[in-house]
Structure formats: C-alpha cells, structure tokens
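Taken in order, these protein sequences are the chains called A and B. Take 1 as the starting number for the first sequence in our numbering and just add one per residue. Take 1 as the starting number for the second sequence in our numbering and just add one per residue.
Treat the hints as calculated values from the structure; they're not laboratory data. Honestly, I wouldn't trust all of these hints.
[Stated by the list, open to error] FRET-style restraints, in silico, Cβ to Cβ:
hint: 1; chain 1: B; residue 1: Asp21; chain 2: A; residue 2: Ala54; range: 45 to 51 Å
hint: 2; chain 1: B; residue 1: Pro67; chain 2: A; residue 2: Val12; range: 27 to 33 Å
hint: 3; chain 1: A; residue 1: Asp29; chain 2: B; residue 2: Phe144; range: 43 to 49 Å
hint: 4; chain 1: A; residue 1: Val18; chain 2: B; residue 2: Asp21; range: 27 to 33 Å
hint: 5; chain 1: B; residue 1: Ala25; chain 2: A; residue 2: Leu57; range: 49 to 55 Å
hint: 6; chain 1: A; residue 1: Leu65; chain 2: B; residue 2: Arg18; range: 49 to 55 Å
All C-beta atoms, glycine included, are put in the ideal place defined by N, C-alpha and C.
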Amino acid sequence: MSRRPRSEADIVYNRIAVLRAERDVTRKDLADEVGVHPQTIGYIERGEYSPSLALALRIARFFGLPVEAVFSLEPLPPLSETVYGRTG
Amino acid sequence: MTDRSATRDMERSYLARRYDDDRFAWTRTRRVRRRLVVAEAVLVTALVVVTFAAAAVGAERGWLGWPWTVALLGFVPLHGLLNLGIRGLYDRSGSTIDEHQRRLRDESYIAVRWPATFLTLGAVVAVYVAAWMGDAPRGLMAGFLLWFLAILVPYWHLAWTLPEEA
Chain A
1 MSRRPRSEAD IVYNRIAVLR AERDVTRKDL ADEVGVHPQT IGYIERGEYS
51 PSLALALRIA RFFGLPVEAV FSLEPLPPLS ETVYGRTG
Chain B
1 MTDRSATRDM ERSYLARRYD DDRFAWTRTR RVRRRLVVAE AVLVTALVVV
51 TFAAAAVGAE RGWLGWPWTV ALLGFVPLHG LLNLGIRGLY DRSGSTIDEH
101 QRRLRDESYI AVRWPATFLT LGAVVAVYVA AWMGDAPRGL MAGFLLWFLA
151 ILVPYWHLAW TLPEEA
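Extracted from the complex, chain A is given alone in its bound form (with noise of 0.2 Å):
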C-alpha cells in the first residue's frame, strides 16, 4: 500500500527545499507562516504530497515568488535560470 501520487500525471515538482535553504528558513518557519505542520512541508517537499491550490500560494506569496516559480508539473530547472536570469 501506498500513499505517494497516484501517477506520474499527478506529481507536482516544487523548489520549496532550496527557496528554504537559500533563505535559511526551518520547515517550522514556513509551516507557521503557512498554517500546516512541518511533517506535511516535508511531505510536499519530497513530492509525496500535492498541496491543495490555496497552500500552493499562500507558500508561493510566502517566498515572495510566483507560484509557477515554486511549482511545476515539469521537473524544475536550477532558480539561477528561470528566476534570477542568470544561466552561470
């Protein structure tokens, strides 16, 4: 038995564990920020679980970013070259 998304249709890829390093920012931090327990940040973070749209964006707003640059249902590219415009 299995909890993981059903397909690979259903993963949704996300940058929240290198969006948190790069801001030193705890699963705790960005758990209270955005209403969950840390369990399930780690869970999103690890493509486990797919946030429902409103905590896709209360996180996305919570990085000040937006949410297709935390999300994606392609698997993300570095930040350096979608985000920030560097390619080096």
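The hints should help you fit chain B onto chain A, whose structure is shown.
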C-alpha cells in the same frame, strides 16, 4: 480563516500538543507503528476467537471475565501508543490538523469502509442470533467486539500506510 489559524489551534489544544510531542517521536517510525498494529490486531482477534469459542463449547459465562480484563488492560496502553504514532488524527479536532493530515485520515477511512460496514453488520447479526438462541449476554459480548473491530480498522490502516516521517 487566516494562514496561521490552524497553527494557533494546534498551540491551544492539549491533545494536539501531546500528539505532536517529540518525546514520542519513536512511536512515529513505520516499524513501530506496524508492530503496534500487529500487536493490537492479535490481541483483539484473540479475544474475538476466545469469546466465540467459549460460546461454541458452552463454557460458563464467568469464565470469560479474565480474558476480557487482561485483553482490555493490555489494549489501553497499546492503543495509546498507536494513537501517538498516528498523531491522533482520528481523535483530534479537525481544526488542529492540516489538509494533508485530513487527507491521510479520510483516505484510510474510505479504504476500509466495506470491511468496517461488514463488521458492523456482523455485530448486529451476532447480537440478534445470540438473543434468538437465548444467550443475549454472550451475543452482546461478540457484537461489541465486532463493532469495536469496525472502529479500529481505520486506525490500523492509517498506522500501517502512513509514510515515514523525515
């Protein structure tokens, strides 16, 4: 509801604080949770078997007192630990759990809805059949156990399938 309202509820609730207490993190590993499920299932199933067997061989009603007392005394700490292992998701107020926890809880409830329904129906049938045969007290015991099992199976499914925390 603001972003932080769920967190504030968690902070207010004594039960929620207890279920999230890191002192009990050892109960939240998959290995411990599954062992607790097996232990609880063996205990309750043994009690069901003993109760039905006693009825089948026509044992004295008083004979069942000891097995029931021992099993229920063993069940209380076991279920307490199991509940800590699943962060009490079935016993906490909905306002103290988040959307992911609510989804895990609901998925388990739905996954075992048919076995739970049949166990509940079995409980009703056991009581009626026993009463019809003139042994209502034993029927009530068997019915209670089957109904109790129906309540426990969502806990067991949740504890068995919860992903490893990290």
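B/Ala25 and A/Leu57, beta-carbon distance inside 49 to 55 Å?
-> violated, 31 Å
Are A/Leu65 and B/Arg18 spaced within 49 to 55 Å by their CB atoms?
-> For B/Arg18 against A/Leu65, whose Cβ atoms are near 36 Å apart, the range 49 to 55 Å is violated.
Measuring from beta carbon to beta carbon, are A/Asp29 and B/Phe144 in 43 to 49 Å?
-> holds, 47 Å
Given a hinted range of 27 to 33 Å, is it respected by the beta-carbon distance of A/Val18 and B/Asp21?
-> holds, 30 Å
A/Val12 and B/Pro67 - C-beta distance against the hinted 27 to 33 Å | violated, 51 Å
Starting from the hint 45 to 51 Å, judge whether the C-beta atoms of B/Asp21 and A/Ala54 obey it.
-> Between B/Asp21 and A/Ala54, where Cβ atoms are some 28 Å apart, the hint is violated.
Hint compliance for this structure: hints 1, 2, 5 and 6 are not met, and every other hint is.
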